[in-house]
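Undergrad: All chains, please: the whole structure from these sequences, using the hints.
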Amino acid sequence: AQTVTQSQPEMSVQEAETVTLSCTYDTSESDYYLFWYKQPPSRQMILVIRQEAYKQQNATENRFSVNFQKAAKSFSLKISDSQLGDAAMYFCAYRMDSNYQLIWGAGTKLIIKP
Amino acid sequence: DTAVSQTPKYLVTQMGNDKSIKCEQNLGHDTMYWYKQDSKKFLKIMFSYNNKELIINETVPNRFSPKSPDKAHLNLHINSLELGDSAVYFCASSHYGQKNSPLHFGNGTRLTVT
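Line by line, the protein sequences are chains A and B.
For the first sequence, counting from 1, position 104 maps to 104 in this note's numbering; every step adds exactly one.
For the second sequence, counting from 1, position 19 maps to 19 in this note's numbering; every step adds exactly one.
Note that these hints are calculated values from the structure, not bench results.
Among these hints, one or two may not hold up.
What the hints assert, rightly or not - List time: in silico DMTMM-like cross-link candidates among lysine to aspartate or glutamate, alpha-carbon distance up to 20 Å: (1) Lys19(B) to Asp85(B); (2) Lys109(A) to Asp38(B); (3) Lys99(B) to Asp26(A).
Stated by the list, open to error - One-sided excerpt, in silico: chain A residues whose CB lies under 7 Å from chain B: (4) Gln44; (5) Met45; (6) Arg95.
Said to hold, decoys possible - Partial list, computed: chain A residues near chain B (C-beta under 8 Å): (7) Tyr32; (8) Phe35; (9) Arg43; (10) Arg50; (11) Glu52; (12) Met89; (13) Phe91; (14) Tyr100; (15) Gln101; (16) Gly107.
Here a beta-carbon is modelled for each residue, glycine too, at the ideal position from N, C-alpha and C.
TA: Right, here's the structure in full:
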């Protein structure tokens, strides 16, 4: 069965610095999608970035980028130039190829120190 | 022009009562979901409907009954509310069959059972 693991329950970073949130997954599928979502204190779930397994190039969205290592089944999120508004829970998710259901990690709470 | 809207935002009620949460999306998606987020922020899929047809029905007490009158609406009715039902409930939507289609979430309904 597919699983998604976020091994860091909480991370903190100084404002303007770079932080990397880790995510690993387990699957036997060859093609799939991976997503990072952000949930700020307002509790809204916001898509941050997505990556298709067949694309070798790492996805980038402004200050957010991923380090996708397919063989290692790793999908980490890098946030550059951290801002106070980046403080949130970050969830990694894997979309199953069989029924398109999302498998979610437990989340990482990111704290930004001013 | 809210994409996924759910009401109410907050719901406080007593044990044993029956309550409903409504959800509507105007994104033209054909699939809608109900998620439960517990106090530890863990996201758990409850139900999913594709074109008004139930496609995911996780192990959820039968006190929870979803209803999809059309593909733009998915409501959740809860009978005989229990303390353990207290959580944030999220509605979401996406395009079924499109692996790159992210979930779009409503802002959540915080249910408190006293």
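Undergrad: All the hints need checking, so say for each whether the structure fits it.
TA: Hint check:
Pair hint Lys19(B) plus Asp85(B) holds up; C-alpha atoms about 11 Å apart against a cutoff of 20 Å. Between Lys109(A) and Asp38(B), the direct Cα distance comes to roughly 15 Å. Compliance with the 20 Å bound is thereby established for this hinted pair. With a C-alpha separation of about 18 Å, the suggested pairing of Lys99(B) with Asp26(A) holds against the 20 Å cut-off. A cut of 7 Å between beta carbons decides the hint on Gln44(A): the least distance to chain B is about 5 Å, and the hint holds.
The restraint placing Met45(A) at the interface with chain B holds, with a minimum CB-CB distance near 4 Å, inside the 7 Å limit. Interface hint at Arg95(A): satisfied, since its Cβ lies 6 Å from the closest Cβ of chain B, which is below the 7 Å cut-off. Look at Tyr32(A): its Cβ gets to within about 7 Å of chain B, closer than 8 Å, so that hint holds up. A least Cβ separation of about 6 Å between Phe35(A) and chain B falls short of the 8 Å threshold, and the interface hint therefore holds.
This hint holds: Arg43(A) has a C-beta 5 Å from the nearest C-beta of chain B, less than the 8 Å allowed. For Arg50(A), the interface hint holds, the least distance from its beta-carbon to any beta-carbon of chain B being 6 Å, beneath 8 Å. Taking 8 Å as the C-beta cut-off, the interface hint given for Glu52(A) holds, the closest approach to chain B being about 6 Å. Of the supplied interface hints, the one on Met89(A) holds, with its beta-carbon coming within about 6 Å of a beta-carbon of chain B, less than 8 Å.
Interface hint at Phe91(A): satisfied, since its Cβ lies 7 Å from the closest Cβ of chain B, which is below the 8 Å cut-off. Look at Tyr100(A): its Cβ gets to within about 6 Å of chain B, closer than 8 Å, so that hint holds up. Annotation: Gln101(A) was flagged as interfacial toward chain B, and the flag holds, the nearest CB pair being 6 Å apart, inside 8 Å. The closest approach between the C-beta of Gly107(A) and any C-beta of chain B is roughly 5 Å, which is under the 8 Å cut-off, so the hint is satisfied.
Going down the numbered hints, you'll see the structure goes against none, and every one checks out.
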